[in-house]
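J.: Sequence:
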Amino acid sequence: QSFSVVVLFDPRPALVHGYAAKNGGQEPPADMVDTQALTSMQERLRAIDKLGVDYTLIVHYTLAFAAKSYRFFLGQMVGKLGMRTLTLGSDAAMGANRAGDVKAIENLALATGVFQLEVVDDRGPGETRVPANAQPVMPTGHGEPTDPLEGASKAERRAWSKKNQAKPVRVWSSTNVRYLLGQGRIKDADAILGHPHAVEGIVVHGEERGRTIGFPTANLSDNVAGYLPVDGVYAGWLVDLGSKTAESDHAEAASDGISQQFDSSSVDARLADHSPYRWPAAISIGTKPTFNEATGMNDRVVEAYAITDDWLDLYDHQVRVEFTGFLRPQIKFDSAQDLIDELKRNVEETKRITA
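Read in order, the letters of the sequence shown are residues 1 to 355 in the numbering used here.
Just so you know, these hints were derived from the structure itself, not from any lab. Be aware that a few hints might be false.
EDC-like mimics (lysine to aspartate or glutamate), calculated; alpha carbons at most 16 Å apart, straight line [stated by the list, open to error]:
| # | residue 1 | residue 2 |
| --- | --- | --- |
| 1 | LYS167 | ASP231 |
| 2 | LYS50 | ASP268 |
| 3 | LYS103 | GLU118 |
| 4 | LYS332 | GLU342 |
| 5 | LYS332 | ASP268 |
| 6 | LYS187 | GLU156 |
Using C-beta positions, here's what the derived DEER-type ranges look like [claimed, not checked]:
| # | residue 1 | residue 2 | range |
| --- | --- | --- | --- |
| 7 | ARG345 | LEU45 | 35 to 43 Å |
| 8 | GLN1 | PRO168 | 41 to 49 Å |
| 9 | ARG211 | LYS22 | 24 to 32 Å |
Where a beta carbon is used, it is the ideal one built from N, C-alpha and C, also for glycine.
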């Protein structure tokens with residue numbers, strides 16, 4: 001009887017090789033946070049589960065493993081998993097020096113006859129160009145930023161590419177999505193992903209300044225899973241994934257009163273569109289420029305203000321923050337009242353975008 005298996009590598013190969021290149025061939029520390037990963041491993045596993053895959057194999061990626069030939073890896077897949085069909089993207093490559101490209105693997109499959117190769121054209125709508133050393137740049141205007149090359153002539157595109165030392169990448173690529181998120185182009189990034197980009201983390205106690213001005217927020221801890229967009233204020237969603245403690249969601253549900261009519265045992269159920277654990281939210285990423293001079297705190301903070309009145313106390317809960325639109329850059333306001341007035345406008349914009 002056949003079964004399906006998805007193979008994932010953790011840590012990301014790019015993280016392992018990038019760290020080794022800068023640190024004399026050393027492996028990255030086990031507790032190193034991968035700030036360039038678009039999504040957490042947990043989110044990837046949830047997405048794979050929705051596809052109906054039977055098993056997921058997570059391979060611990062090391063430099064020693066990377067030095068193995070693609071023949072060795074495929075031999076393990078055939079010998080230990082009984083692999084009979086291998087499905088790859090059209091530009092996939094594996095093994096030492098990436099020698100195992102589609103052509104090499106196809107030749108191996110034909111020569112041995114023990115497995116078949118299926119190639120999926122996952123290249124999408126072609127290529128685009130991004131700066132070779134792209135850095136996040138906070139937009140200066142209000143509203144969703146547009147493509148700087150939209151409507152540009154060929155000469156203007158060439159000039160832009162030369163100025164930014166741009167390199168070609170697939171439109172459907174993590175490199176392009178990271179670039180878009182780093183420019184505040186949330187809708188363009190979400191269109192490629194097919195869903196709102198999101199980060200996850202634990203809600204912790206902050207300065208609680210938001211409560212004093214009428215906008216209590218859920219502050220995420222420093223250890224955020226997922227790629228953070230550039231600093232700014234966004235429209236999106238706040239989702240309560242449950243307490244981080246060992247207690248089950250069922251035990252928690254008995255006290256919150258919601259799950260008496262709702263299945264809170266499943267993260268997928270909590271993430272569903274009409275879940276009572278899901279609220280439209282105005283989201284801030286940044287250093288709180290209106291107050292940081294007085295507090296002396298310049299750490300980057302992610303905080304979400306749920307714009308409805310039915311959300312719960314989320315301290316020590318795992319939450320998901322989804323981004324659906326860029327509202328404005330971070331601004332240092334002259335007074336707390338000016339900030340309050342702007343936050344009220346942000347709430348109205350969030351209602352419109354998430355309606």
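J.: If a hint holds in the structure, say so; if it doesn't, say that too.
T.: Comparing the hints with the structure gives:
1. The suggested pairing of LYS167 with ASP231 is violated, with an alpha-carbon distance near 25 Å, which exceeds 16 Å.
2. The straight-line distance between the Cα atoms of LYS50 and ASP268 is roughly 9 Å, inside the 16 Å bound, and the hint therefore holds.
3. As the CA atoms of LYS103 and GLU118 are separated by approximately 12 Å, the hinted pair is consistent with the 16 Å bound.
4. For the proposed pair LYS332 and GLU342, the alpha carbon gap of about 11 Å is at most 16 Å, so the pair holds.
5. Between LYS332 and ASP268 the CA atoms are separated by roughly 38 Å; this puts the pair beyond 16 Å, and the hint is violated.
6. The hinted pair formed by LYS187 and GLU156 fails the criterion: a straight-line CA distance of about 24 Å is larger than 16 Å.
7. About 39 Å separates the C-beta atoms of ARG345 and LEU45, a value consistent with the hinted range of 35 to 43 Å.
8. For the pair GLN1 and PRO168, the supplied restraint of 41 to 49 Å holds, since their beta-carbon distance comes to about 44 Å.
9. Between ARG211 and LYS22 the Cβ separation comes to about 43 Å, which falls outside the hinted range of 24 to 32 Å.
In this structure, the hints that do not hold are numbers 1, 5, 6 and 9, in rising order.
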